[in-house]
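Participant: Sequence:
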Amino acid sequence: MANAESIELLPSISLQIGEQDRRGNYWDGYDWRDRQWWLNHQGRNLGERNRNGHYWDGRRWQDRGWWKKNYYYREGRYWKYDKHGNKHGQKHHNKKGRGHRHDD
1 MANAESIELL
11 PSISLQIGEQ
21 DRRGNYWDGY
31 DWRDRQWWLN
41 HQGRNLGERN
51 RNGHYWDGRR
61 WQDRGWWKKN
71 YYYREGRYWK
81 YDKHGNKHGQ
91 KHHNKKGRGH
101 RHDD
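For the sequence shown, the tail end lands on 104 under full-length UniProt numbering, and the numbers increase by one without skipping.
Simulated from the structure, these hints should not be mistaken for laboratory data. Note that the Cβ used here is the ideal one computed from N, Cα and C, for glycine as well. Check each hint, because a few of them may be wrong.
What the hints assert, rightly or not - Quick list of simulated restraints, FRET-style, between CB atoms:
hint	residue 1	residue 2	range
1	G76	S12	44 to 50 Å
2	Y73	L9	20 to 26 Å
3	W38	D63	16 to 22 Å
Work out the full structure, taking the sequences as your base and the hints as a guide.
Facilitator: Here it is, written out as structure tokens:
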């Protein structure tokens, strides 16, 4: 196993950073994955799932509901929702018609 750094956060709780096997694969809490697997699965609700049915987001496993709430598919790729607007980058207008309007 390659070098890994272990940081003890609390008694009986530690964090392993950089844990790799002999082939250079990284542990995800479920299986050993190579670097290309991580790049292919970052930010996508695609591919393999862990035993709980969650998809990898590049930092942690997320369930399908999280992906539907935070990403949408358009033009052949996945896009992250804009937190300051709607999914297409347009600003929100309230439903009662009190948004900024021009009568030209």
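Participant: Give a verdict on every hint.
Facilitator: Results of checking the hints against the structure:
1. The supplied range of 44 to 50 Å is met by G76 and S12, whose beta-carbon atoms lie about 46 Å from each other.
2. A hinted range of 20 to 26 Å for the beta carbons of Y73 and L9 is inconsistent with their spacing of about 37 Å.
3. Separation of W38 from D63 is about 19 Å and conforms to the stated range, judged on CB atoms against 16 to 22 Å.
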